[in-house]
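Trainee: Letter by letter, the chains look like this.
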Amino acid sequence: DQQVKQNSPSLSVQEGRISILNCDYTNSMFDYFLWYKKYPAEGPTFLISISSIKDKNEDGRFTVFLNKSAKHLSLHIVPSQPGDSAVYFCAATPTSGTYKYIFGTGTRLKVLA
Amino acid sequence: NAGVTQTPKFRILKIGQSMTLQCTQDMNHNYMYWYRQDPGMGLKLIYYSVGAGITDKGEVPNGYNVSRSTTEDFPLRLELAAPSQTSVYFCASSTRTVWNTEAFFGQGTRLTVV
Chain W
1 DQQVKQNSPS LSVQEGRISI LNCDYTNSMF DYFLWYKKYP AEGPTFLISI
51 SSIKDKNEDG RFTVFLNKSA KHLSLHIVPS QPGDSAVYFC AATPTSGTYK
101 YIFGTGTRLK VLA
Chain P
1 NAGVTQTPKF RILKIGQSMT LQCTQDMNHN YMYWYRQDPG MGLKLIYYSV
51 GAGITDKGEV PNGYNVSRST TEDFPLRLEL AAPSQTSVYF CASSTRTVWN
101 TEAFFGQGTR LTVV
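Residue numbers (the working numbering), protein chains in the order written: chain W, 1 to 113; chain P, 1 to 114.
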C-alpha cells in the first residue's frame with residue numbers, strides 16, 4: 001500500500017525552463033510534507049517543506065504547492081539549472097503520533113543544458 | 001559539523017552472515033530512523049526510534065533488529081543475511097520541533113549479499 005506516490009519516474013527539462021514534480025498521498029493523517037534531493041552515492045538532503053496549514057511555500061527557485069482536498073503536492077523549480085539534475089523524493093509525516101516519514105519512489109530530474 | 005555518520009560505506013556479506021550497520025548523530029536529536037533504498041522503490045522505513053530505549057517497526061522490519069541505548073547511536077543489526085537484503089541503507093535523525101521537522105540523512109551504506 002503506497003501511501004505516498006510519485007507517478008513520474010523521470011522528467012527532462014531544458015535549462016532555464018520550469019520543472020514541475022508531482023506527488024500524491026492517501027493518508028489523511030499526514031500534515032507535513034517535505035521534498036528531498038538526492039545525488040548518486042550521497043544521502044538525501046532536505047530541500048523544502050510545507051505544513052498542511054499552508055498551500056504554498058517558497059525558497060528561492062523552489063516552490064512547493066499543497067492541495068489538501070486533492071491530497072496532492074508539487075515542487076516547482078524555476079529556472080531549472082543543470083545542477084538540479086538529481087532524484088527528488090517527496091515525503092510525508094504526521095506531526096503527532098507515529099513520527100514516521102513515508103517517502104515516495106522518487107522522480108529523476110534531468111536538466112538539459 | 002559531522003551530522004549523521006554511517007559506517008561502513010560499503011560491505012559485501014555472504015548469505016547467512018550477520019553484521020551491524022552503525023549510525024551516530026551529534027545533533028542531540030531524539031528521533032532516529034533506518035531506511036533502505038532499492039532501485040525504483042524509493043526509501044522504505046525499516047525501524048525508527050523516538051528516544052533512547054524506545055524503538056518501533058517501520059514498513060519492512062523483517063530480518064533486522066535495532067537498539068537505542070544512547071541518544072547518539074542507533075545501530076541496525078542484520079542476522080542471517082539474505083540476497084533480498086542487498087540494498088543501500090540510510091540512517092536519519094530529526095528533532096521534530098514545531099518549526100523544524102526535517103530529517104537529516106547519513107551518506108548511506110551499500111550492502112551486497114552474495
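These aren't lab readings, by the way, just hints derived from the structure by calculation.
Only a predicted model underlies this, so the values are computations on that prediction, with no experimental measurement involved.
We put the beta carbon where it would ideally sit given N, CA and C, even for glycine.
Among the hints, a few may not be true.
[As the list claims (entries may be wrong)] Stretches of chain P that chain W covers, calculated by requiring three or more beta carbons in the stretch to come under 8 Å of a beta carbon on chain W:
1. 28-42
2. 45-54
3. 102-112
Trainee: Looking at the structure, which of the earlier hints fail to hold?
Mentor: Of the numbered hints given earlier, the structure breaks none, since each of them holds.
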